Amino acid sequence: MKKHGIDISPECVDFVRQLLEKDPEQRLGSKHGAKDLLEHPWFASLDVDKIKAKKIKAPHIPDLEDDLRDTSNFD
Amino acid sequence: MRYSFVTNEKVMFLLPFKRGGDMFNLMRSEGRFTEDRARFYVLQIVLGLGYLHQNNVIYSDLKPENILMGEDGYVCLCDFGNSKLMNGGSGSKPNAQPVEGGAADYIAPEMIDDDNYGTSVDWWGIGILTYEMIVGFPPFYTGNRRNTMMFK
Numbered sequence: 000m001k002k003h004g005i006d007i008s009p010e011c012v013d014f015v016r017q018l019l020e021k022d023p024e025q026r027l028g029s030k031h032g033a034k035d036l037l038e039h040p041w042f043a044s045l046d047v048d049k050i051k052a053k054k055i056k057a058p059h060i061p062d063l064e065d066d067l068r069d070t071s072n073f074d
Numbered sequence: 000m001r002y003s004f005v006t007n008e009k010v011m012f013l014l015p016f017k018r019g020g021d022m023f024n025l026m027r028s029e030g031r032f033t034e035d036r037a038r039f040y041v042l043q044i045v046l047g048l049g050y051l052h053q054n055n056v057i058y059s060d061l062k063p064e065n066i067l068m069g070e071d072g073y074v075c076l077c078d079f080g081n082s083k084l085m086n087g088g089s090g091s092k093p094n095a096q097p098v099e100g101g102a103a104d105y106i107a108p109e110m111i112d113d114d115n116y117g118t119s120v121d122w123w124g125i126g127i128l129t130y131e132m133i134v135g136f137p138p139f140y141t142g143n144r145r146n147t148m149m150f151k
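The listed protein sequences derive, respectively, from chains F and G. Numbers 0 to 74, taken from numbering that gives the first Met the number 0, label the letters of the first sequence in order. Numbers 0 to 151, taken from numbering that gives the first Met the number 0, label the letters of the second sequence in order.
Since the hints were made in silico from the structure, they are not lab data. Source: prediction; values computed, not measured. Wrong hints could be hidden among the right ones.
Label pairs and their in silico Cβ distance ranges [as the list claims (entries may be wrong)]:
#1 G:16 x F:40: 30 to 40 Å
#2 G:5 x F:4: 44 to 54 Å
#3 F:6 x G:14: 29 to 39 Å
#4 G:85 x F:22: 27 to 37 Å
#5 G:5 x F:43: 38 to 48 Å
Yeah, the Cβ is synthetic: ideal placement off N, Cα and C, and Gly gets one too.
With the rest of the complex left out, here is chain F (with noise of 0.2 Å):
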């Protein structure tokens, strides 16, 4: 699916649907909790034990100085 010229896989754009449900009631969610989102396909791809045990590298990894009162990510 391509809207405002991204790309969007569609097991994304259903789990953003199931999430913008109005009737809170009937939100991606409501059954059975975090499970509920865990479990969507669009996670398939993820191990949450490893990312739970930090074993997967981050995609992205903040620049920092090596002075440890370095607080240039805060504004």
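With chain F fixed as given, assemble chain G onto it according to the hints.
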């Protein structure tokens, strides 16, 4: 949480310092994320919210400003000033009106006229967050943060 103490007026929490900055600034500087990258962040926030819900806490203030990044590139939630306990606990009355620009984009429809909302408001927030990370702006954005379409 590392430590907490009480002054005459306030309860203070001492939290770990997350040096990587917040998601709001990261999204502002990068425009938008690939789906893979957004998925990595969203999954962690879902885990965090799930943990809060298990402990009967509704977070109810999801927005990029409240997501902090550690040195390892993993994210966590901060700012529990809007959180409330489920089942009429001693949590403060949630502030459903936008305090300042930004939060309005993330308010679930049922929060606008009902103080009795549940954990599902956080899942609505995940929907908004996922959309904003991938598209670059939130779904009901009209160009004016005070004029989000939800209030029409």
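Structure-based check of each hint:
Take residue 16 of chain G and residue 40 of chain F: their Cβ atoms lie about 36 Å apart, and the range 30 to 40 Å holds. Look at residue 5 of chain G against residue 4 of chain F: about 52 Å separates their beta carbons, and that is inside 44 to 54 Å. Residue 6 of chain F and residue 14 of chain G have their C-beta atoms about 38 Å apart, which keeps the hinted 29 to 39 Å range intact. Between residue 85 of chain G and residue 22 of chain F the C-beta distance comes to about 19 Å, which lies outside the given range of 27 to 37 Å.
Distance hint check: the CB atoms of residue 5 of chain G and residue 43 of chain F are about 46 Å apart, consistent with the given range 38 to 48 Å.
In this structure, the one hint that does not hold is number 4.
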